[in-house]
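Novice: Below, each chain spelled out in residue letters.
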Amino acid sequence: MAGHVLEISDTTFDNEVLKSQKPVLVDFWAPWCGPCKAIGPIIEELATAFGDKIRFAKCNVDENPVSPGKFGITAIPTLIIFKGGKNVKQITGMVAKSKLEADIKSLL
Amino acid sequence: MKTADYDLVIIGGGPAGITAGMYAARARLNVVMFEKMVPGGQVLVTDWIENYPGFPEGISGMDLIQRMTDQAKQFGLKIESDEIVSVDFSQPVKSLILNDKTVTAHAVIIATGASPKKLGIPGEKTFYGKGVSVCATCDGPFFKGREVVAVGGGDTAVQESIFLTRFAKKVWLIHRRDRLRAAGILQERALSNEKIEILWDSALTGIEGLSNVEKVNVRNLKTGETRSLAVSGCFIWIGILPNTDFLGDSVKRDEFGFIIADSKMETSVPGVFAAGDVRTTPLRQIASAVGDAAIAAFSAEHYIENVK
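Quick note, the sequences are listed as chains A and B, same order. Counted the way my numbering counts, the first sequence spans residues 36 to 143. Counted the way my numbering counts, the second sequence spans residues 13 to 320.
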């Protein structure tokens with residue numbers, strides 16, 4: 036079963052991500068981006084595996100330009116892991132699921 | 013007869029891997045395809061494909077891959093999202109080593125494709141994702157009304173530069189030679205596009221900025237003259253490198269690392285085949301990749317019949 040990935044917007048970003056008690060992985064994506072669509076199911080699988088320790092969220096940069104702007108994102112897919120409101124890991128482009136798993140584990 | 017987990021393992025899920033998988037599934041082989049991310053490969057970052065037969069109006073890379081995957085699955089192809097990290101082809105039954113298991117197969121088709129080559133200049137790595145990009149469809153919209161540079165002169169560089177003009181105010185196309193290598197129709201479109209300015213005989217020597225790309229340095233290779241361009245994006249399309257690290261010395265490769273295969277797509281190891289961009293070939297297109305793959309699957313089927 037696919038894990039839960041929360042949809043966040045510019046309005047909810049602060050509360051859901053920066054003020055979250057748990058670490059949050061945010062998947063910045065857009066409908067025009069092929070690799071983003073491709074990475075989506077992987078994020079859902081990771082949410083199933085790690086959902087109890089870390090929150091998973093996605094932010095559509097087409098509809099929410101402010102949040103990606105804050106983090107200087109000019110390439111997608113970009114994944115950022117936030118811990119205590121801080122950007123602790125930023126991953127750009129398509130990466131293997133095994134690599135993402137390793138990155139997540141190293142931050143837990 | 014030695015036993016193996018599978019008749020055939022296909023490594024890589026771009027057009028070549030998917031096509032080989034479809035043929036193998038239709039041949040009713042016990043086959044699995046491993047893709048470390050999701051099916052698609054380089055096609056996923058291609059904005060528009062208009063030279064693949066059957067789509068007179070053109071098709072996006074994303075849609076084409078979706079259709080190919082659906083078609084292969086329809087015949088029962090099993091796709092696993094996992095990565096082969098190394099191989100052992102020393103025995104007639106081949107071993108494929110994954111992170112947490114090993115699978116065996118009588119035959120293997122390597123269709124791992126290629127990845128964009130890097131320039132190896134200062135700033136390229138630092139600003140990756142912060143202005144440096146290899147995917148115009150993904151990142152072009154971030155550069156609305158801005159100036160960007162694109163590096164290269166082949167089909168990808170020229171086609172994607174034209175795509176970038178939908179967003180960017182100006183695209184500086186930097187090319188090492190005094191003429192483009194891209195297909196004639198793409199050259200015509202680029203040369204007549206007012207937003208594209210080509211800097212001939214030139215090379216990018218550095219990418220600079222604070223947190224994001226702010227300027228690039230360009231050197232004219234004939235005159236030695238250097239200049240800086242104030243841009244916020246830098247797209248690099250200077251060719252590809254084969255994805256073959258996991259193979260070690262298991263199969264024969266050419267001086268650039270591409271796998272050498274014969275007309276049956278068989279490599280230096282009997283029962284190991286290669287298809288698509290990963291092999292030594294004069295042309296790397298979707299059309300040629302799927303052609304390779306059909307031959308590789310057919311050859312693999314015959315090989316398996318003989319060893320089983």
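None of these hints come from the bench; they were simulated from the model. One should not assume that every hint holds.
Unchecked claim - Listed below are several chain B residues computed to face chain A (Cβ distance under 7 Å; list not exhaustive):
{"id": "1", "residue": "A39"}
{"id": "2", "residue": "V50"}
{"id": "3", "residue": "D151"}
Unchecked claim - Chain A regions said to be covered by chain B (calculated; three or more residues, Cβ under 8 Å):
{"id": "4", "stretch": "52–61"}
{"id": "5", "stretch": "74–85"}
Unchecked claim - Derived DSS-like pairs (lysine-lysine); straight-line CA-CA distance at most 27 Å:
{"id": "6", "chain 1": "B", "residue 1": "K90", "chain 2": "B", "residue 2": "K129"}
{"id": "7", "chain 1": "B", "residue 1": "K207", "chain 2": "A", "residue 2": "K134"}
{"id": "8", "chain 1": "A", "residue 1": "K121", "chain 2": "B", "residue 2": "K90"}
{"id": "9", "chain 1": "A", "residue 1": "K72", "chain 2": "B", "residue 2": "K276"}
{"id": "10", "chain 1": "B", "residue 1": "K130", "chain 2": "A", "residue 2": "K72"}
{"id": "11", "chain 1": "B", "residue 1": "K234", "chain 2": "A", "residue 2": "K134"}
{"id": "12", "chain 1": "B", "residue 1": "K85", "chain 2": "B", "residue 2": "K130"}
{"id": "13", "chain 1": "B", "residue 1": "K227", "chain 2": "A", "residue 2": "K72"}
{"id": "14", "chain 1": "B", "residue 1": "K113", "chain 2": "B", "residue 2": "K182"}
{"id": "15", "chain 1": "B", "residue 1": "K227", "chain 2": "A", "residue 2": "K124"}
{"id": "16", "chain 1": "B", "residue 1": "K137", "chain 2": "A", "residue 2": "K105"}
{"id": "17", "chain 1": "B", "residue 1": "K234", "chain 2": "A", "residue 2": "K72"}
{"id": "18", "chain 1": "B", "residue 1": "K90", "chain 2": "A", "residue 2": "K134"}
{"id": "19", "chain 1": "B", "residue 1": "K276", "chain 2": "A", "residue 2": "K105"}
{"id": "20", "chain 1": "B", "residue 1": "K227", "chain 2": "A", "residue 2": "K105"}
{"id": "21", "chain 1": "B", "residue 1": "K85", "chain 2": "A", "residue 2": "K88"}
{"id": "22", "chain 1": "B", "residue 1": "K137", "chain 2": "A", "residue 2": "K124"}
{"id": "23", "chain 1": "B", "residue 1": "K85", "chain 2": "B", "residue 2": "K227"}
{"id": "24", "chain 1": "B", "residue 1": "K156", "chain 2": "B", "residue 2": "K90"}
{"id": "25", "chain 1": "B", "residue 1": "K129", "chain 2": "A", "residue 2": "K124"}
{"id": "26", "chain 1": "A", "residue 1": "K88", "chain 2": "A", "residue 2": "K134"}
{"id": "27", "chain 1": "B", "residue 1": "K129", "chain 2": "B", "residue 2": "K14"}
{"id": "28", "chain 1": "A", "residue 1": "K54", "chain 2": "A", "residue 2": "K140"}
{"id": "29", "chain 1": "B", "residue 1": "K181", "chain 2": "A", "residue 2": "K105"}
{"id": "30", "chain 1": "B", "residue 1": "K276", "chain 2": "B", "residue 2": "K320"}
{"id": "31", "chain 1": "B", "residue 1": "K207", "chain 2": "B", "residue 2": "K234"}
{"id": "32", "chain 1": "B", "residue 1": "K14", "chain 2": "B", "residue 2": "K130"}
{"id": "33", "chain 1": "A", "residue 1": "K88", "chain 2": "A", "residue 2": "K54"}
{"id": "34", "chain 1": "A", "residue 1": "K88", "chain 2": "A", "residue 2": "K124"}
Even glycine gets a Cβ: it sits at the ideal position worked out from N, Cα and C.
Novice: Now tell me, hint by hint, if it's right for this structure.
Specialist: Hints, verified against the model:
1. A39: With a minimum Cβ separation of about 28 Å from chain A (threshold 7 Å), the hint on A39 of chain B is violated.
2. V50: Result: holds, 4 Å to nearest chain A Cβ.
3. D151: OK, holds: D151 of chain B within 7 Å of chain A, min 5 Å.
4. 52–61: Answer violated; 0 residues pass the 8 Å Cβ test.
5. 74–85: holds (count 4)
6. B:K90 with B:K129: violated (31 Å)
7. B:K207 with A:K134: violated (39 Å)
8. A:K121 with B:K90: violated (40 Å)
9. A:K72 with B:K276: The hint is violated at about 35 Å.
10. B:K130 with A:K72: holds (25 Å)
11. B:K234 with A:K134: violated (43 Å)
12. B:K85 with B:K130: With Cα atoms ~35 Å apart, K85 of chain B and K130 of chain B exceed 27 Å; violated.
13. B:K227 with A:K72: With Cα atoms ~31 Å apart, K227 of chain B and K72 of chain A exceed 27 Å; violated.
14. B:K113 with B:K182: violated (50 Å)
15. B:K227 with A:K124: holds (26 Å)
16. B:K137 with A:K105: This hinted pair holds, its Cα atoms lying about 21 Å apart.
17. B:K234 with A:K72: violated (43 Å)
18. B:K90 with A:K134: Holds - the C-alpha atoms of K134 of chain A and K90 of chain B are around 23 Å apart, at most 27 Å.
19. B:K276 with A:K105: Violated, because 53 Å separates the two Cα atoms, which is more than 27 Å.
20. B:K227 with A:K105: holds (21 Å)
21. B:K85 with A:K88: violated (34 Å)
22. B:K137 with A:K124: It holds: about 16 Å lies between the C-alpha atoms, which stays within 27 Å.
23. B:K85 with B:K227: Distance of about 47 Å is beyond 27 Å: violated.
24. B:K156 with B:K90: Roughly 41 Å between the alpha carbons, so the hint for K156 of chain B and K90 of chain B is violated.
25. B:K129 with A:K124: holds (24 Å)
26. A:K88 with A:K134: holds (18 Å)
27. B:K129 with B:K14: Violated, at about 41 Å.
28. A:K54 with A:K140: holds (21 Å)
29. B:K181 with A:K105: Between K181 of chain B and K105 of chain A the Cα gap is close to 23 Å, so the pair holds against 27 Å.
30. B:K276 with B:K320: holds (19 Å)
31. B:K207 with B:K234: holds (25 Å)
32. B:K14 with B:K130: Violated - the C-alpha atoms of K130 of chain B and K14 of chain B are around 43 Å apart, more than 27 Å.
33. A:K88 with A:K54: holds (16 Å)
34. A:K88 with A:K124: Judged against 27 Å, a Cα distance of about 16 Å means the pair holds.
Violation of the numbered hints given earlier is confined to hints 1, 4, 6, 7, 8, 9, 11, 12, 13, 14, 17, 19, 21, 23, 24, 27, 32; the remaining hints are satisfied by the structure.
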